[in-house]
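Participant: Could you put the whole structure together from the sequences, leaning on the hints where they help?
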Amino acid sequence: MIRNLAWVFAASLALHLGAALPAAAAASEPEDAWPALADDIFRGRPLADGAGLVGLEMPVRAEDAAIVPVTMRVTLPPGDTRYLKKLTLIIDDNPAPVAATFEIGPNAGISTISTRVRVDAYTNVHAVAELSDDKLYVVKTYVKASGGCSAPAAKNADAAAASIGQMKFRQFAAANAAPASAPREAQIMIRHPNNSGLQRDQVTLLYTPPHFVDELSVWQGDALLFSMVGGISVSEDPNFRFTFVSNGAATFRVEAKDTNGQRFRQEWPATEM
Amino acid sequence: MPNRCTRHGRAIAFVAVWLLCIAMPRSAVSSDAIPLPVREIAVGVHVYQGAIAAMTTENEGAIANLGFIVGNDAVAVIDTGGSVRQGRRLLAAIRRITDKPVRYVINTHVHPDHIFGNAAFEEATFVGHRNLPRALAARGQFYLDTFRRTLGDELMTDVKIIAPTLLVDDESRLDLGGRRLRVTPWPAAHTDNDVTVLDEATGTLFGGDLVFLRHVPVLDGSIKGWLAVFDDLARIPAQRVVPGHGPVTAWPVAIEDERRYFTRLARDVRELIKRGETIGAAAKSAGHSERTRWELFDESNARNVTAAYSELEWE
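Protein chains in written order, with our numbering: chain A, 11 to 283; chain B, -18 to 296.
I should point out that these hints are in silico values taken from the structure, not numbers from a laboratory.
Just so it is clear, CB atoms sit at the ideal spot from N, CA and C, and this is done for glycine as well.
Where hints are given, some of them may not hold.
[Claimed, not checked] Heads up, simulated BS3-like pairs for lysine-lysine below, C-alpha to C-alpha not over 30 Å straight-line: (1) A:Lys178 <-> B:Lys81; (2) A:Lys178 <-> A:Lys95; (3) B:Lys81 <-> A:Lys150; (4) B:Lys255 <-> B:Lys205; (5) A:Lys178 <-> B:Lys265; (6) A:Lys150 <-> A:Lys95; (7) B:Lys205 <-> A:Lys178; (8) A:Lys95 <-> A:Lys145; (9) A:Lys96 <-> A:Lys267; (10) A:Lys96 <-> A:Lys154; (11) A:Lys178 <-> A:Lys145; (12) A:Lys178 <-> A:Lys96; (13) A:Lys145 <-> A:Lys96; (14) A:Lys154 <-> B:Lys141; (15) B:Lys81 <-> A:Lys154; (16) B:Lys265 <-> B:Lys255; (17) B:Lys141 <-> B:Lys81; (18) A:Lys267 <-> A:Lys95; (19) A:Lys267 <-> A:Lys178; (20) A:Lys267 <-> B:Lys255; (21) B:Lys265 <-> B:Lys205.
[To be verified] Far from chain B, some chain A residues (derived; all Cβ distances over 12 Å): (22) Ser124; (23) Ala169; (24) Gln176; (25) Phe182; (26) Tyr217; (27) Asp247; (28) Ala280.
Facilitator: Written out as structure tokens, the structure reads:
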């Protein structure tokens, strides 16, 4: 900790003086980006160790750095009445570390969210859960992948361009005949290149402008399930799978917006499970 | 190249030509390049068979099959290899066999193991799928950056992204003088910019990476598209195929292994999606009945599943 503080102090001093840090110092200290990041993102609020409470699942080595599956899960002990209010996913060494922030609706009962992200370097990944006690709980994992952010999106560029904004909503059957109060699972998918702005045309030397879904919200009836604020680390064709508790509403609705201001909205009937 | 000079040089001009030769830049005469070992698999059709391996510094990126076809007037090169060093060695192999000019370089698709040798052939006309310039624009810089890490600075120094200027939109023919090549563009399959090349004289097909043997197929386009082109591929009137990876094989029996692989992969992935399994879980199990039938299965299958899943979940 002392070392970290010294490092932050040295770095800020160097910045104030407008001087670059000596190369030797930078090289000998493969510095951990997290303390400064955490301070920035959570404005100095204390982060408690979330081990046992918050789960963060990612493959150790990603098959495709542009599509790395990640699952965040909050598991409370029996009788604990707290609930999840907010989840933040941070990929420390990505160009824009905050991959996505999920605000959970008051009675949504969401405990698990899975998505797919781009990973640009071998990096720590942090998940921070804010529970209804207004405390923050953090866990981390490490993932080996590289180049995911500058990796070009479309494998089939014509198909991708033709289908932007198309959405699909899936509702999964519960494993057994579960009571209505038991958590259910659903998935929202939206077609979008989610261009990171880091993909460079080698001929023109220009960068493809960033163009990504920056807001998305999912509703059952008029009740918010979750809303997401996303960055360039979310993979092409953003995809969110989540558990929730049904409120009996007849429809699900998704509203999304991208950085060009284009809006997408669609509704689906709830199916009997 | 000195061969070419001496062969052309008449006694009187010999010394002058020789002086010209040694005065030319080394890279232009590629006299330092050890010719790639090539095999003449049909009259005038020469093939280098790449290693079944990933691109590394040690193998100079030489993992793809490359070839050249010699006509009465000119030569066509099909893919240039995984480094400029390999491209120069291919050129040296050509110069051992003929001094005719390389008129065309056909890039079968965008992947680095097929195009990184392009800079060894800058005077030729580059031929590719109409989507190839777009794919090079989107991926070229990424390939230059990532492969610098795997191949090292020395091999990457001269690598340049060279886009085709002769774009193939429909089936087209290239003339090498008394010898015609049929270049066919395909819908999205291995990539969204695959072409095949048929030497009509010998019935030799260069399948590019639409055809894999022994080396597990790699999916970077569309699994549905790939499954959909097999019947049309099989109708190409060829005797034999030079696959993108793997041994030269009789046609069309050569595609049956990969057709089976993708049929099973699509079936497995669809079943897992239907059962509500996640993409991560699918990557661990789909296609595993094929595991013992392919080399490099563990390196690429899970990635193929990821690509197939994110395509098929939209059905």
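Participant: Of the hints stated earlier, which fail here?
Facilitator: 1, 3, 11, 15, 22, 23, 24, 25, 26, 27
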